[in-house]
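J.: Listed below are the residues making up each chain.
There are 2 protein chains.
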Amino acid sequence: MALPGLCGFNPMQDNNSSLFYIFPPSKNLLMKRRTFVKNSGLAVAGLALAEPGAGKWPGSKVRLGVIGTGLRGQNHIDNALRRTDVDIVSICDVDDRMLQMTTELIKKSGKSMPKIYSGDPYAFRHLLDAKNLDAILIATPWEWHAPMVLEGLQSGIKYVATEVVLGITLDEHWEVVHEAEKQKAHVMMLENVCYRRDVMAVMNMVRKGIFGELIHMQAGYQHDLRGVKFNNGIEPYDSGAEFGPKAFSEARWRTNHSVHRNGDLYPTHGIGPVAQMLDINHGNRFVSLSSFATKSRGLHNYIVARGGPDHPNAKVQFKLGDVVTTQINCVNGETILLQHDTNSPRPYSLGFRVQGTKGLWMDLNHSIYIEGMSKKNDVWDEAKSWLDQYDHPLWQRWGKDTEGAGHGGMDFFVLHAFIEAAKRGVPTPMDVYDAASWSAITPLSEKSIELGNQVVSFPDFTDGQWMYRKNDFALTDEF
Amino acid sequence: MALPGLCGFNPMQDNNSSLFYIFPPSKNLLMKRRTFVKNSGLAVAGLALAEPGAGKWPGSKVRLGVIGTGLRGQNHIDNALRRTDVDIVSICDVDDRMLQMTTELIKKSGKSMPKIYSGDPYAFRHLLDAKNLDAILIATPWEWHAPMVLEGLQSGIKYVATEVVLGITLDEHWEVVHEAEKQKAHVMMLENVCYRRDVMAVMNMVRKGIFGELIHMQAGYQHDLRGVKFNNGIEPYDSGAEFGPKAFSEARWRTNHSVHRNGDLYPTHGIGPVAQMLDINHGNRFVSLSSFATKSRGLHNYIVARGGPDHPNAKVQFKLGDVVTTQINCVNGETILLQHDTNSPRPYSLGFRVQGTKGLWMDLNHSIYIEGMSKKNDVWDEAKSWLDQYDHPLWQRWGKDTEGAGHGGMDFFVLHAFIEAAKRGVPTPMDVYDAASWSAITPLSEKSIELGNQVVSFPDFTDGQWMYRKNDFALTDEF
Chain A
24 MALPGLCGFN
34 PMQDNNSSLF
44 YIFPPSKNLL
54 MKRRTFVKNS
64 GLAVAGLALA
74 EPGAGKWPGS
84 KVRLGVIGTG
94 LRGQNHIDNA
104 LRRTDVDIVS
114 ICDVDDRMLQ
124 MTTELIKKSG
134 KSMPKIYSGD
144 PYAFRHLLDA
154 KNLDAILIAT
164 PWEWHAPMVL
174 EGLQSGIKYV
184 ATEVVLGITL
194 DEHWEVVHEA
204 EKQKAHVMML
214 ENVCYRRDVM
224 AVMNMVRKGI
234 FGELIHMQAG
244 YQHDLRGVKF
254 NNGIEPYDSG
264 AEFGPKAFSE
274 ARWRTNHSVH
284 RNGDLYPTHG
294 IGPVAQMLDI
304 NHGNRFVSLS
314 SFATKSRGLH
324 NYIVARGGPD
334 HPNAKVQFKL
344 GDVVTTQINC
354 VNGETILLQH
364 DTNSPRPYSL
374 GFRVQGTKGL
384 WMDLNHSIYI
394 EGMSKKNDVW
404 DEAKSWLDQY
414 DHPLWQRWGK
424 DTEGAGHGGM
434 DFFVLHAFIE
444 AAKRGVPTPM
454 DVYDAASWSA
464 ITPLSEKSIE
474 LGNQVVSFPD
484 FTDGQWMYRK
494 NDFALTDEF
Chain B
24 MALPGLCGFN
34 PMQDNNSSLF
44 YIFPPSKNLL
54 MKRRTFVKNS
64 GLAVAGLALA
74 EPGAGKWPGS
84 KVRLGVIGTG
94 LRGQNHIDNA
104 LRRTDVDIVS
114 ICDVDDRMLQ
124 MTTELIKKSG
134 KSMPKIYSGD
144 PYAFRHLLDA
154 KNLDAILIAT
164 PWEWHAPMVL
174 EGLQSGIKYV
184 ATEVVLGITL
194 DEHWEVVHEA
204 EKQKAHVMML
214 ENVCYRRDVM
224 AVMNMVRKGI
234 FGELIHMQAG
244 YQHDLRGVKF
254 NNGIEPYDSG
264 AEFGPKAFSE
274 ARWRTNHSVH
284 RNGDLYPTHG
294 IGPVAQMLDI
304 NHGNRFVSLS
314 SFATKSRGLH
324 NYIVARGGPD
334 HPNAKVQFKL
344 GDVVTTQINC
354 VNGETILLQH
364 DTNSPRPYSL
374 GFRVQGTKGL
384 WMDLNHSIYI
394 EGMSKKNDVW
404 DEAKSWLDQY
414 DHPLWQRWGK
424 DTEGAGHGGM
434 DFFVLHAFIE
444 AAKRGVPTPM
454 DVYDAASWSA
464 ITPLSEKSIE
474 LGNQVVSFPD
484 FTDGQWMYRK
494 NDFALTDEF
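Sequences listed follow chains A and B, in order. Each position in the first sequence, counted from 1, maps to that position plus 23 in my numbering. Each position in the second sequence, counted from 1, maps to that position plus 23 in my numbering.
No lab work stands behind these hints, which were simulated from the structure alone. Mixed in with the good hints there might be a few duds.
For chains that are exact copies, the list does not tell them apart, and a pair is met inside one copy or across any two.
Stated by the list, open to error - Straight-line Cα separation of at most 20 angstroms, EDC-like style, residue types lysine to aspartate or glutamate; simulated pairs:
1) LYS398 <-> ASP261
2) LYS207 <-> ASP119
3) LYS207 <-> GLU166
4) LYS231 <-> ASP500
5) LYS342 <-> GLU166
One chain only, chain A, in its complex shape (with noise of 0.2 angstroms):
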């Protein structure tokens, strides 16, 4: 195999590489999709997307298809390889070194290596076009999200995942939601957050009514990701002051979007859990929305501090602000607090905070407060006997499968929850609408800061269904 790079690009040959370069998707693939859903109508829009008919459960194997195997696709593949219920069959990559460590990795399971397509950034085409598959997951370039999910539906498939965030412009995610109900199929966001443990057992809490009804949330992506955003070109994290086509793994082509982009440009890891425990797209929905950036500083003393005041990238102009603070209102009058901190130095924290008229859960200080309930009048109690009283049912089946998975096991679950779908032929607990409204965030957000923090309106993917749709998100222990 001779895999010249990114999306069968070879930055060592390009001599107008700029700063800024990422292999995008190419402008024809896009027009022609649009063209394509226009033509197509809108008959089905808003409809619960109707069984396919293709679930072969109990017994039998999820014949699965991964686009993209850098480090996040291995790692789902390294779940996948755990599973007795799934057959990887075809492989999708045009990175030779992210494409051997793959192939170690499946050598080490013992289990049968898949079919390897590669060699040009379309090679997922012929990855699709053998139609052997149930299922494809994606785990690509944010850029390369929405058009290998519409081509995965295109072809077929009926049960599609996509690692976060699903598109890049509001645009997109509309010609996701249409071609998934056109096609009668289901697409999954892998917001595998949802399934932290600790969040699991606060929306146990909510649905059983402790918090009271919900009134403020807060969550968000407060992560430094300065170690990731540039690198060396060899070793992924915390290694150089390079990014584009001179850098390795993410920082090959997350680091553009900071260049180019001021919004919260990764807003699932808060907005899902969040999203699931308000019900939003089923009985509640996000109405609008306001977003505020500070100045960007962070990126650049970065790279002044790692490759100096002369490093060429010291000339880059970041636009993404430091912090991005997104403001949404919902329908039923609750309002959601989302954050965005990954240029500058701080401790993790997706900062979750779930409030209701009974009390409150904090994330950063690990307390519960429930009036009545709570060992003091207007004192915190430590959260860990609330979580473990209220673990829920998923974890308690399941907790032990989890070890090794990933993420502290929330990986194993937003794969299962996907595998298990598929094999019985049911929609994915997480849904084409959810994927849709959780990752608009990041357009509707930009759209404000654009517009010096106006507040703008969010479009409802379901089209009026979610008055109607019940949440049945995580209602057992099966999945």
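Keeping the supplied structure of chain A fixed, place chain B upon it in accordance with the hints.
T.: Frame of chain A, contents of chain B only:
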């Protein structure tokens, strides 16, 4: 003395008493003042306030009049009585019970009894007419602050202290600013949290550059006030479901603002310290603001829980959202997040966050992280050792004097600063521009919410002088 009730009004004789009753300053008075301000011209607008030349320091005493001797006024009187440099010359209130508590306090101190003005809501005019004061301190209901400050200034008093907030409408804030400029007099809002020990230590760290360049700040007023907003008319706290004329102390007037207004009703405890750290009005300024409010549930639920579903107050529709969250842009590119959360069960927290390019302080979990200085990478330090190391010189010098002064010693410092400035005849360390810009957040947040969370611009009370003014708040250990 026959004091028939709040501001000379006896609710027991009021057959038309509405649930929403408070006794406001008369419109005629306001109209008179407005005409006066208009005619006076704005020639001195924005100039640094001139020295009034009334300072008699060292050795002499400040002749102080106190308007409003409710529970908060009594705190200040208690602290003033402990000082050897204050003569309380006169006091004024309309409430028999509060005046009786105050005179007992003064008797116990062994100091001479001040002249008492009472019997009429405008009795304070007689206090001012006596022309025997260097300074006045106002601790009345919110709607009386601006009118009393204005009449105090117009009477020739050069040092006017008022409890938070400065006024109700934006126009009132402007009137106070213009009158202070016209009279070359000093108006200090008694924002005590600027003197909280941990807050001052963090400000000290900010000024020494420990946090790097500031990028994002958070603060708020997160305090379960349900037991303050309602009582039984006899005990001030946690005693019943009454407010307005049938209630005692703050519930008598404060709760009415929750009935009629939706906004951040109490921003200054949060914004004051943050504004000092950001040098607001001193090289920086607030430029715009947007507020979001949740539905209103907590106050109604509390009435039902305390008084039953048939209690007359259970019919009241409270406009104040249970959680109001405000974002502010600063001209130097920082953002500020403010929260107001007073209607729900929760442990008290002002929720401070001070974040710069090198690290951050979080109040909630009592933690600080500074890159390269904290013990472990990406792990919080317990804040205590940092706060001890950077203890502010004011606290080092006066810490012992704060004992028993109320609110953990903050109340000592805020009065100390006002009295020391008056003794010396120098500007107060927090001035009329600070008071106006901090307090104006309330009417601006109301406006934003009324307009559907629209971003609204911030007035520049300094008329452009913010570019040239230096921040001299707490630069030494004197005051």
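J.: Each hint should be assessed against the structure and marked as holding or not.
T.: These are the hints, each one checked on the structure:
Taking the shortest Cα distances, LYS398 and ASP261 sit within 20 angstroms of each other only across copies (19 angstroms), while inside one copy they are farther apart (44 angstroms). Taking CA atoms no more than 20 angstroms apart as the test, LYS207 paired with ASP119 passes in neither setting, with 35 angstroms inside one copy and 75 angstroms between copies. Taking identical chains as interchangeable, the C-alpha atoms of LYS207 and GLU166 are never at most 20 angstroms apart, the minima being 24 angstroms within one chain and 61 angstroms between chains. Only within a single protomer do LYS231 and ASP500 lie at most 20 angstroms apart by alpha-carbon distance; the minimum there is 16 angstroms, versus 54 angstroms between protomers.
Only within a single protomer do LYS342 and GLU166 lie at most 20 angstroms apart by alpha-carbon distance; the minimum there is 18 angstroms, versus 44 angstroms between protomers.
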